[in-house]
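Q: Chains as they are written, first to last, in this note's numbering: chain A, 6 to 461; chain B, 6 to 461.
FYI, nobody ran anything at the bench for these hints, they're computed from the structure. Be careful, since some hints might not be right.
Each computed DSSO-like pair below joins lysine-lysine, with the alpha-carbon atoms no more than 27 Å apart [unchecked claim]: (1) A:Lys14 - B:Lys10; (2) B:Lys261 - A:Lys24; (3) B:Lys24 - A:Lys261; (4) B:Lys24 - A:Lys10; (5) A:Lys135 - B:Lys100; (6) A:Lys416 - B:Lys100; (7) B:Lys85 - A:Lys410; (8) A:Lys24 - B:Lys14; (9) A:Lys14 - B:Lys410; (10) A:Lys85 - B:Lys364; (11) B:Lys10 - A:Lys261; (12) A:Lys85 - B:Lys100; (13) A:Lys85 - B:Lys261; (14) A:Lys10 - A:Lys139; (15) B:Lys10 - A:Lys24; (16) B:Lys14 - A:Lys14; (17) B:Lys100 - A:Lys10; (18) A:Lys14 - B:Lys435; (19) B:Lys261 - A:Lys261; (20) B:Lys139 - A:Lys85; (21) A:Lys14 - A:Lys34; (22) A:Lys14 - B:Lys24; (23) B:Lys85 - A:Lys265; (24) A:Lys261 - B:Lys85; (25) A:Lys100 - B:Lys85; (26) A:Lys261 - B:Lys135; (27) B:Lys14 - A:Lys134; (28) B:Lys139 - A:Lys100; (29) A:Lys100 - B:Lys457; (30) A:Lys134 - B:Lys100; (31) B:Lys457 - B:Lys204; (32) B:Lys135 - A:Lys100; (33) A:Lys14 - B:Lys457; (34) A:Lys85 - B:Lys85; (35) B:Lys100 - A:Lys139; (36) B:Lys135 - A:Lys85.
Pulled from the structure, derived: some chain B residues nowhere near chain A, Cβ distances all over 12 Å [what the hints assert, rightly or not]: (37) Pro210; (38) Lys364; (39) Asp404; (40) Asp429.
Glycine residues also receive a C-beta, built at the ideal position from the N, C-alpha and C atoms.
2 protein chains.
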Amino acid sequence: MSNEKIPYKIYLEESEMPKQWYNVRADMKKKPAPMLNPATLKPVTAEELCHVFCDELVAQELDDTSPYIDIPEEIQNFYKMYRPSPLVRAYCLEKALDTPAKIYYKFEGNNTSGSHKLNSAIAQAYYAKKQGLKGVTTETGAGQWGTALSMACSYFGLDCQVYMVKVSYEQKPFRREVMRTYGANVTPSPSMDTAVGRKINAEFPNTNGSLGCAISEAVEAATSQEGYRYVLGSVLSQVLLHQSVIGLESKIAMDKYGIKPDIIIGCAGGGSNLGGLISPFMGEKLRGEADYRFIAVEPASCPSLTRGVYAYDFCDTGAVCPLQKMYTLGSSFMPSPNHAGGLRYHGMSAILSELYDQKLMEAVSVEQTAVFEAATRFARVEGILPAPESSHAIKAAIDEALKCKETGEEKTILFGLTGTGYFDMYAYEKFNDGKMTDYIPTDADIKASTDKLPKV
Amino acid sequence: MSNEKIPYKIYLEESEMPKQWYNVRADMKKKPAPMLNPATLKPVTAEELCHVFCDELVAQELDDTSPYIDIPEEIQNFYKMYRPSPLVRAYCLEKALDTPAKIYYKFEGNNTSGSHKLNSAIAQAYYAKKQGLKGVTTETGAGQWGTALSMACSYFGLDCQVYMVKVSYEQKPFRREVMRTYGANVTPSPSMDTAVGRKINAEFPNTNGSLGCAISEAVEAATSQEGYRYVLGSVLSQVLLHQSVIGLESKIAMDKYGIKPDIIIGCAGGGSNLGGLISPFMGEKLRGEADYRFIAVEPASCPSLTRGVYAYDFCDTGAVCPLQKMYTLGSSFMPSPNHAGGLRYHGMSAILSELYDQKLMEAVSVEQTAVFEAATRFARVEGILPAPESSHAIKAAIDEALKCKETGEEKTILFGLTGTGYFDMYAYEKFNDGKMTDYIPTDADIKASTDKLPKV
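Let's have the full structure, built from the sequences with the hints guiding it.
A: And the structure:
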């Protein structure tokens, strides 16, 4: 097939869709550090984790040796409702940039959750259902994960309790309504429903909430209700496992047409999309079968990889979760209020942190007005209105394509277009009105929060 | 291929995509009545129409004999960016309804405009560009058409001036921002920029605006600026021609798998989606090659087919457009303010009106709370959050599938899922809160506006 003209969009047949997830940890010689119990500072056991997470998901979280894990048929069937996602050749963007580079993007936004988050949400809901649970709890910031989980729970008839960062709850009423339409219960966080929420409200009466705080509330809600567990949409290794479907589909589609990417780019908040996109390619690199450049793109206002420290830290503000070794800005770090969209988590997936530390992956940070410029440029030629998060990857892809224009190199660039921006029009309005600003934390800002890292 | 298991989604290959539009008028023995010049009451000439519309589009509007019209390559290329749209087998909905019916839907919502409107927008923008125009003007109600046209104009570098019904402009700021992101100029209508707008504002100082009024303003803006023409997203025969791509793709996909629909259902406002979806199937029926049931579904609050009269009427409130023979509630008819979403135009496409009058198509009307119940039911099992407009078709499809459950018939149902509801969450919120109401106009309401029909 390699001599055919590459279509605008490559869709796999159902029969070509992956039947197994790929676990990149299996091919890492040096594995990510284990999660620690904050009380004992010893590696957490499956038994301890099973109080918080579903049994099967705990097994996946701790499994760093099995390279492939079967995708249950029920999940495969759900995937068929909105997958395969298209691998798009950005012909119009290439033309607009006048670059010799060949640009591809894997577009994960064509589903009602508006992002790739559904790939892991349906898996987590499935295992919760299989375990006979009544429901699950979670947190959501920008709302993509909460929407995805609401959809997944509605499909399996599970109760879904979402703690939504207060400022998002108020600024994004429509995201909230999508979740409610799927039957979810949405509570602004910090709430007065949990001990940790009441404590945070007492300490910071006018707080806008944060992801770290909503996580603490959701974990408390899960562990204090019979038949509930907590689920998380990013950061965890199990999430990267489920998201490997993005990279696997991309690779099958590219192999089919004899395309080999030189550079693979993804936006990075907690790491779910980037980790999923690069996994099978990174596997080849780890096994010495091929080489690729991987670039993580993060916001300059929340730069965990490029300016954080690699250390054990809490995953949440309330310090109820296990400690994870990761690139982190400290769990008390808060991105500036002018930061729009997601990618605002203080730490990075343990897998990606370790790969970055081993110099197998690069990272860059970009400022938000430049990100929205790239988003608008992309929207006008490629038709798709991208999510602010995804636009970080667009910005870096455009930068790489423009370098090719200078050097004349015909590099092949693949980036992850994680989602659509339909619920982010406040931010676009700010940009359209010329009122968007940038903010880069000072070294002192970052030192203030990394100084508070737990002593391990 | 007919013995294969039908996949969840059927995507055509690029090479299988239609290269010609189908003009159903060519196969109609009795053609739709010609448009009349309101001053002379004689059929409008191409020359008269060319002051308002682009030359090539006028030719298409008046051509009721050519069965096929080539899709220019530039438009085919744009179609490749977001088409083919998937033909989806609604396995999960069938299971939830426990029906022996086989349900398919053609999903047109997976593009940034969120609906099928882009199919005609890109064609109209292309012909405007080809004619060397500076820009186009239009009106938009719910905002789907305005968004689609903004995208199309941005692609071809045309200026785009959108008159947006004032109540939508205020209630749907995010739609407005999507248009602005694509570079369009959006003005709430009635405005003070046009003579007709100033007149309407003087007469009705607190008016919320209407589609008919926004059309009048857009036409005036087009005819009073050098290098501008007016474009319209529905009702016109040229629009149904462009939208035939929906039906053509559906038919190619179904033929590929040996599927023959018994019933074809679409929502009907001005008729653009329904007309496009049914065209090639109706062609077979007109030529005596096959038989199908066609069902137009309209809101009970704006029932032009089921309760209107078949007569010449104005297309706009300001009476600046030609007269069209159509099923109409009268150009002064206004749907009740509690009506959510689109499908609020007073008349129906001349082609569909004539087909309905010849009893080649049926029509039903449905109330909006029942429509939102169907929408929610559909969203929870099929994953897609539908637009309120599209949900009219869902409601009718579910009703037909439930009839099959009673009779045990294994009918094949195809319906058009025209778009997504991401910008309609106000309406969903009302429904979720149990505050949505229905309204059916009285006979006196309808008589009041049909009494004002022009005397022809």
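Q: If a hint holds in the structure, say so; if it does not, say that too.
A: Taking the hints in turn, this is what the structure says about them:
With a C-alpha separation of about 24 Å, the suggested pair Lys14 (chain A) and Lys10 (chain B) falls inside the 27 Å cut-off, and the hint holds. Our distance criterion of 27 Å between C-alpha atoms is met by Lys261 (chain B) and Lys24 (chain A), whose separation comes to about 26 Å. Taking the CA atoms of Lys24 (chain B) and Lys261 (chain A), the gap is near 26 Å; set against the 27 Å cutoff, the hint holds. Note on Lys24 (chain B) and Lys10 (chain A): the hinted pairing holds, with a Cα-Cα distance of about 18 Å set against a maximum of 27 Å.
A threshold of 27 Å between alpha carbons decides the hint, and for Lys135 (chain A) with Lys100 (chain B) the separation of about 20 Å falls inside it, so the pair holds. Among the hinted pairs, Lys416 (chain A) with Lys100 (chain B) is inconsistent with the structure: their alpha-carbon atoms are about 47 Å apart, more than 27 Å. Distance restraint check for Lys85 (chain B) and Lys410 (chain A): the Cα-Cα separation of roughly 26 Å lies within the 27 Å cut-off, and the hinted pair is therefore satisfied. A distance of roughly 18 Å separates the Cα atoms of Lys24 (chain A) and Lys14 (chain B); the hinted pair therefore holds under the 27 Å criterion.
Taking the CA atoms of Lys14 (chain A) and Lys410 (chain B), the gap is about 38 Å. The hint is violated against a cut of 27 Å. Our distance criterion of 27 Å between C-alpha atoms is broken by Lys85 (chain A) and Lys364 (chain B), whose separation comes to about 39 Å. Restraint check for Lys10 (chain B) and Lys261 (chain A): the C-alpha separation of about 23 Å stays at or below 27 Å, so the hint holds. Taking the CA atoms of Lys85 (chain A) and Lys100 (chain B), the gap is near 16 Å; set against the 27 Å cutoff, the hint holds.
Pair hint Lys85 (chain A) plus Lys261 (chain B) holds up; C-alpha atoms about 19 Å apart against a cutoff of 27 Å. Straight-line distance between C-alpha atoms of Lys10 (chain A) and Lys139 (chain A) comes to about 50 Å, which puts the hinted pair past the 27 Å bound. Distance check on the hinted pair: Lys10 (chain B) and Lys24 (chain A) sit about 18 Å apart at the alpha-carbon level, within 27 Å; holds. Distance restraint check for Lys14 (chain B) and Lys14 (chain A): the Cα-Cα separation of roughly 15 Å lies within the 27 Å cut-off, and the hinted pair is therefore satisfied.
Of the pairs offered as hints, the one joining Lys100 (chain B) and Lys10 (chain A) is violated, with about 40 Å between alpha carbons and a cut-off of 27 Å exceeded. Restraint check for Lys14 (chain A) and Lys435 (chain B): not satisfied, since their Cα atoms lie roughly 38 Å apart, outside the 27 Å limit. For the hint pairing Lys261 (chain B) with Lys261 (chain A), the CA-to-CA distance comes to about 23 Å; that is within 27 Å, so the pair holds. Simply put, Lys139 (chain B) and Lys85 (chain A) have alpha-carbon atoms about 44 Å apart, too far for the 27 Å limit, and the pair is violated.
Straight-line distance between C-alpha atoms of Lys14 (chain A) and Lys34 (chain A) comes to about 36 Å, which puts the hinted pair past the 27 Å bound. For the hint pairing Lys14 (chain A) with Lys24 (chain B), the CA-to-CA distance comes to about 18 Å; that is within 27 Å, so the pair holds. For the proposed pair Lys85 (chain B) and Lys265 (chain A), the alpha carbon gap of about 23 Å is at most 27 Å, so the pair holds. Between the alpha carbons of Lys261 (chain A) and Lys85 (chain B) the distance comes to roughly 19 Å, so the proposed pair stays at or under 27 Å and holds.
Of the supplied pair hints, the one linking Lys100 (chain A) and Lys85 (chain B) holds, its CA atoms being roughly 16 Å apart against a limit of 27 Å. Restraint check for Lys261 (chain A) and Lys135 (chain B): not satisfied, since their Cα atoms lie roughly 37 Å apart, outside the 27 Å limit. Straight-line distance between C-alpha atoms of Lys14 (chain B) and Lys134 (chain A) comes to about 26 Å, which keeps the hinted pair within the 27 Å bound. Using a Cα cut-off of 27 Å, the hinted pair Lys139 (chain B) and Lys100 (chain A) holds, with the two alpha carbons roughly 22 Å apart.
Simply put, Lys100 (chain A) and Lys457 (chain B) have alpha-carbon atoms about 54 Å apart, too far for the 27 Å limit, and the pair is violated. For a cut-off of 27 Å, the pair hint linking Lys134 (chain A) to Lys100 (chain B) stands: about 19 Å separates their Cα positions. In summary, the hint linking Lys457 (chain B) to Lys204 (chain B) is supported, as the alpha carbons are separated by about 19 Å, within the 27 Å threshold. Of the supplied pair hints, the one linking Lys135 (chain B) and Lys100 (chain A) holds, its CA atoms being roughly 20 Å apart against a limit of 27 Å.
Under the criterion of a C-alpha separation no larger than 27 Å, the hint pairing Lys14 (chain A) with Lys457 (chain B) is inconsistent with the structure, at around 51 Å. Using a Cα cut-off of 27 Å, the hinted pair Lys85 (chain A) and Lys85 (chain B) holds, with the two alpha carbons roughly 22 Å apart. Note on Lys100 (chain B) and Lys139 (chain A): the hinted pairing holds, with a Cα-Cα distance of about 22 Å set against a maximum of 27 Å. Distance restraint check for Lys135 (chain B) and Lys85 (chain A): the Cα-Cα separation of roughly 41 Å exceeds the 27 Å cut-off, and the hinted pair is therefore not satisfied.
Non-interface call for Pro210 (chain B) relative to chain A: holds, since the shortest CB-CB distance, roughly 28 Å, exceeds 12 Å. Consistency note on Lys364 (chain B): stated as away from chain A, and its beta-carbon is indeed over 12 Å from all of that chain's, at 37 Å minimum. With a minimum CB-CB distance of about 21 Å to chain A, Asp404 (chain B) clears the 12 Å threshold, and the non-interface call stands. For Asp429 (chain B), the shortest C-beta to C-beta distance to chain A comes to about 9 Å, within the 12 Å cut-off, and the non-interface label is violated.
Violated hints, in rising order: 6, 9, 10, 14, 17, 18, 20, 21, 26, 29, 33, 36 and 40; the structure is consistent with all others.
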